[in-house]
Each structure stands twice: as C-alpha cells, then as structure tokens.
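Engineer: Reminder that position 131 of the sequence shown reads as 131 in our numbering, one-by-one numbering, no gaps.
Think of the hints as simulated: they come from the structure by calculation, not from any bench. Because the structure is a prediction, the values reported are computed rather than measured. C-beta atoms are modelled at their ideal positions from N, C-alpha and C, and glycine is treated no differently. Treat the hints with caution; some may be incorrect.
Stated by the list, open to error - Derived Cβ-Cβ restraints for the label pairs, each shown as a range:
1) Glu-11 - Glu-42: 23 to 29 Å
2) Ala-46 - Val-98: 39 to 45 Å
3) Val-13 - Thr-94: 20 to 26 Å
4) Leu-20 - Leu-140: 32 to 38 Å
5) Glu-11 - Gly-67: 16 to 22 Å
6) Gln-40 - Arg-8: 33 to 39 Å
7) Thr-36 - Arg-6: 35 to 41 Å
8) Ala-81 - His-4: 34 to 40 Å
9) Arg-80 - Arg-27: 20 to 26 Å
10) Met-1 - Ala-46: 37 to 43 Å
11) Asp-99 - Pro-9: 22 to 28 Å
12) Thr-102 - Asp-35: 41 to 47 Å
13) Asn-28 - Pro-100: 36 to 42 Å
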Amino acid sequence: MTEHTRIRPVELVPDEVMLLRFGAVTRNTHRIHYDTAFAQSEGLDAPVVMAQLHGCLFHRAAARFAGPTGRVLRLAWQDRAPAYPGDQLEVTGTVREVDPATGEITLDLVEHRAAANTDLVDHREDPGIVCCRGHAVVVLG
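Input sequences plus hints: build the corresponding full structure.
Structural biologist: Quick look at the structure:
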C-alpha cells in the first residue's frame with residue numbers, strides 16, 4: 001500500500017423514500033429532509049440528504065478499503081454543499097499516509113454529486129459538486 005493509491009468508489013442515488021426511512025432509523029425528523037415546501041422556505045431547492053447519510057457513505061468507502069476483517073478506527077467529514085433526492089453521489093478517495101509502525105492508513109475522502117439526469121456528462125472529466133470532504137483512519141484485515 002502506497003500513498004496516493006486510489007480507493008474503489010462508493011455510489012448511491014438516494015430517493016425520497018430512502019431519506020424518510022433513514023431519518024426514521026436515525027431519529028432525524030427535521031423537516032428539511034422530507035418536506036419539500038418547508039425545505040424551499042429554508043432556501044433549499046428540495047429536501048436534502050442528511051449529514052449522517054453522507055457519513056455512512058464515507059464509512060462504507062473506508063470499510064470496503066479496509067476489507068472484511070479490517071477496521072475503521074476514525075472517520076470525520078465536513079459538509080460543503082447540499083445533495084438532493086435523485087442526485088448521483090460518489091465517494092472517492094486516496095491513501096494520504098501509511099504508518100508502518102501501527103499499520104494505520106489515513107484516507108482522504110471526497111463526495112461529489114452529479115445532478116439527476118446527467119447521463120451525457122463524463123464524470124471522469126466533471127465529477128460534479130463537492131458535497132463533503134473528510135478522512136478516515138483504517139487498519140487492513
């Protein structure tokens with residue numbers, strides 16, 4: 001494992017039902033996540049994906065990289081822009097640092113969103129808007 005190694009992307013296209021269910025299981029009942037009129041009254045285009053769901057995608061990317069017997073030791077992210085139902089979310093990342101003494105690997109992670117119905121866009125050239133940036137520390141299994 002070397003610095004700058006790319007991790008396998010994690011993708012998700014959330015819909016309104018997913019946001020409602022995710023909000024229910026995480027007890028996040030804020031109306032900006034499910035009520036279009038309320039979200040718009042708050043200056044948003046539509047209901048927004050909750051921060052915890054972005055965190056789950058970051059964790060999924062880190063855990064996949066660590067492998068089935070690896071562990072995610074730490075995870076942090078900061079939201080940068082909203083994501084909406086129907087947006088294509090993609091978490092990508094690279095290895096920032098490998099600590100040979102502890103075996104800990106630090107990953108730099110970023111989540112982009114491509115607006116719905118952008119099938120003609122080459123996402124390798126235009127990955128979309130950055131929704132979140134963060135990092136994870138993992139040990140391989």
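Engineer: What hints, given by number in increasing order, does this structure fail?
Structural biologist: Going through the list in order, the structure violates hint 8 alone and respects the others.
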